[in-house]
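Residue numbers (our numbering), protein chains in the order written: chain A, 14 to 305; chain B, 55 to 485; chain C, 17 to 289.
No wet-lab data here; the hints were simulated from the structure.
Treat the hints loosely; a few may be bogus.
What the hints assert, rightly or not - In silico SDA-like cross-links for lysine to any residue, where the CA-CA straight-line distance does not exceed 20 Å:
no.	chain 1	residue 1	chain 2	residue 2
1	C	Lys145	A	Val33
2	A	Lys167	A	Ser83
3	A	Lys270	B	Asn248
4	B	Lys467	A	Gly65
5	A	Lys297	C	Val131
6	A	Lys270	B	Lys467
7	B	Lys467	A	Thr75
8	A	Lys180	C	Ile272
9	A	Lys113	A	Val127
10	C	Lys65	C	Gly80
11	A	Lys59	B	Ile479
12	B	Lys365	B	Asp188
13	B	Lys287	B	Ser234
14	A	Lys144	B	Arg312
15	A	Lys113	C	Ala38
16	C	Lys83	B	Gln122
17	B	Lys467	A	Leu77
18	B	Lys463	A	Leu77
19	A	Lys270	B	Asp188
20	C	Lys83	B	Gln123
21	B	Lys329	B	Gly97
22	B	Lys280	B	Leu446
23	A	Lys301	A	Leu289
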Amino acid sequence: MRNNNIGLWFVAPAFIAIVVFFFGPALAALIISFTDFDIYALADLKNLRFVGFKNYIELLQTPLFWKALSNTLFFVFVGGPLSMAASLGAAILLNSQAAKFKNLARTIFFAPVVTTLVATALVFKYLLHTKYGFLNFALSKFGIDPIDWLGDPKWAMPAIVLFVVWKSFGYNMVIFIAALQNVSSDLSDAAKIDGANAWQRFLNVTLPAIGPSILLVSIMTMTGFFQLFAEPYVMTQGGPAEQTVTVLYMMYEQGFKWWNLGNASAVAFVLFLFMLLMTIIQTKFASKQGVS
Amino acid sequence: MNRRGFLQNIASISGLYGLGACGKILGNENAKSHNIVNMWGMGREGEVVGDLLADFLKSNPQIQVKVQQIPWSAAHEKLLTAFAGNTLPDIAQIGNSWLPEMVAIGAVAPLESLIKNIDNNDYFEGIWQTNIVDNTLYGLPWYVDTRLLFYRKDALKNAGFNQVPDNWNDWQNALKKIKSNIGEKKYSILLPLNEYEPLMTFASQVDDPILKDNATLGNMQSAGFKKALSFYKSMFAQKLAPMSAANEISNVYDEFGRGFFSFYITGPWNIGEFKRRLPEELQDAWATSPMPGPNGWGTSSAGGSSLVLMKNSNKKEAAELIIEYLSRPDVQQKFYDLTGDLPARKSAWVNGGLADDKYASAFYKQLERVKPAPAAPEWERIAQETRIVSELLVRGSLNIDQAAEEMDKRANKILEKRRWMLNRIGGKNAQ
Amino acid sequence: MRIKPQNIALNAFIFILAIIVAFPLFWMLSVSFMAAGEASTFPPPLLPKQTQTSAYHELFSSSGLWKYLFNSIFLAICATILSLTFNVTAGYAFAKLKFKGREAMFQTLLAAMVVPAQVGMMPLFLLLKTFGLVNTYAGALVPWIASVFGIFMVRQFAQSIPDEMLEAARMDGANEWQIFTKLIVPNLMPVMVTLGLFTFLGSWNDFMWPLIIMTDSNSYTLPVALAVLSREHVQDSEMMMAGAVITVLPVLILFIALQRFYMRGLLASSVKG
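Just chain A, same shape as in the assembly:
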């Protein structure tokens, strides 16, 4: 092939941009996480100290960090599977042959995904209002007393999960629909003849067939759920009583509200390590299952 290195010119602009604006800063963040870079250091670099692992050690001793981590893991391990279950349920419904207006229904289910997070979080904030919110009004029809969704420490997390599931399930639904369409109906029909009921057919035919999609989707979904920030920022500002602070929210507050960049960078790296660990576990699991 001619022009051996002309491809370099095509790639270079994008590559340089990614190195300068992404890898460089990420590396710098690692270095900053070993310093006490704060607003004083920003004013005068003489006020910068190299502190080794102090930020990390202190972080692990901060109750708020554990709160934020457990909240984040709650989103990942409760919100994530719930969202995926909703996606799968909706996909199965829309994939059934008897369903009418499939495209319309698919568009409606998908619409929340493309809407602006901040705007819809705001809508939910009002829908979840204790006194004038529609959810409590609807629940009152079933004789359930008003719940202070975003103000009660017990309910704030479930309320945000509710919003996140609504916002996100359409995305995976589309992937599942595509996967379901590739499941051959022959197998299912054969099982039907063998007397398997719908649930058995789902467990033994459909689920194994779409298993690879589920694994791939779960990696994407869970990494996404690690990065929740705008939801608590808009809906609760981390409250009530720090019940909805996520790791990323903590990083934002430390970094861009108080300008404790050293601390905040340590938070960011801990988050990164957790996400990396999750991805590795899931890919290991996936390759064991024979999913490429």
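Please build the complex by placing chains B and C on the supplied structure of chain A, with the hints as guidance.
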């Protein structure tokens, strides 16, 4: 031309124009244009400062002012971010408790040339002090602000009191009476859990300072602070105050009108809001009162906003003229008319008859009894952290001793850096 | 032919689900046309007593919404152009051109996929500060210049272009740039629409970075302005819902119009992550 070719042309042409447009807008809007003074005003003040300056600009045609309005809830964050990003304006209105911080990071410049023309006896003493760091004046009080009680006269009367008692004990008894009159679903007082001011007001009334050792160590485990903390906690424990943040009460004025709560610790801006937003028939039913204290009338916070000049400004002369103009007594009076913000200068109070106003007079009395917030640059953060811990206390996950200990722990951690910096400077001076 | 009862039940169920899912968006629209204070009554009204646009008037006159709308549109368009320019060239080259270090560079980019973007945000802010780009459009656009995701998407699509086509063009004496602009770009049009759409929506909906880098209110984008306004105007639900409508509607319309391209991109990126 086929469709693809056409699309391609559109794409490349709009691409060129687009890149050009993107490229043009590299300059920061706040960048140093020559004769425009950039100014940040917070909330309502930011809206009216343009009107306020109209006459000034007419007589000083060489000066132009661009005002930017910053919402109060984001103001502190925005100031720090602008400092970090080097996008501070020339003049800003800042909460006066933030002044030590702005000085410590070197964001603001001393008001040296201004001080000669200003009579500091015309200012409330407690407020003036908040603008001085290391014996240097960095800010000029623009309006003053303190927190005191807005209350329903009818509710208090029904409880058998003709006026607000001047001490904690009697006051709380009044609140209990009110509570027993109005029942389970209503409350005597609103102390929003997302505001630190109510707790800090109580804390300012006890003898122990909130921070000690030159404001480098927390003093929240002192007997005084714990007393204030217990008092605060008891308001919730006895169900006198609802456990909610202000943003969960969707409309404070409606709820006050409906009697959901009868006392509210808040600031002077609400005089105007209460007048405007409460229905006609309730206009005679509310009043203001100075804060009760542990034993007799108590102190409250020395709040308000000051005008500061940023160190990086290259238009200091024009900026100082503006600051000076905005603190003239007649401009202060006009400012009050526009916003209801209380003038920083006593002469503006007396000339305008404000000192005798039925709602404002309580503020005049209170302003003679105000204490500045601890002069720690980290104060805003400490106050926020303290609020978070106090919420844990109120919600019952910590007791008084644990909460006080946690508050000290968080404060001391925040203050560690400055202890180190002061030690280092101290060490150098010793050599 | 008879309709089976379980089919009716299935469709009824889908119908109810669709109503529940669509309800928040419907409610947002409905409240935005209510009179001030109307939504904060009990029982919560479903439809405005009298449809009115006062919330929109209030929003546009008092809050500088035009500015935010302009910022959002302008940034989304610039981000789209940047992303298309940088990612399409790179994606194509990774797919079709051989050059030194191609594999190494590609592996490097692969590694970038696992690092969350937020990790580098703080140093990036400081870096942009030294260039004086804080609070500028350029600063807001930096993360959108090139994306690993975009490069992968284009690369995957470009791989399907037959090599013979390129060879034939080279035989005819076209240089690589001509081949790219005349031959490749038209062929990549579908993936460019998809990538453009993703970028536009991504930039429009982005929150954290504009929140950080746009330090003054003249430079806010719609989501940032909405988040800030919502803290100041908690009680004005009608006005906030009007703001939400203005923010959501453009992307929703764009999505519905170009749904085909969006879904294809979504599926393509999920098959090979």
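Query raised in the report: Which numbered hints does this structure break?
Result: 9, 10 and 19
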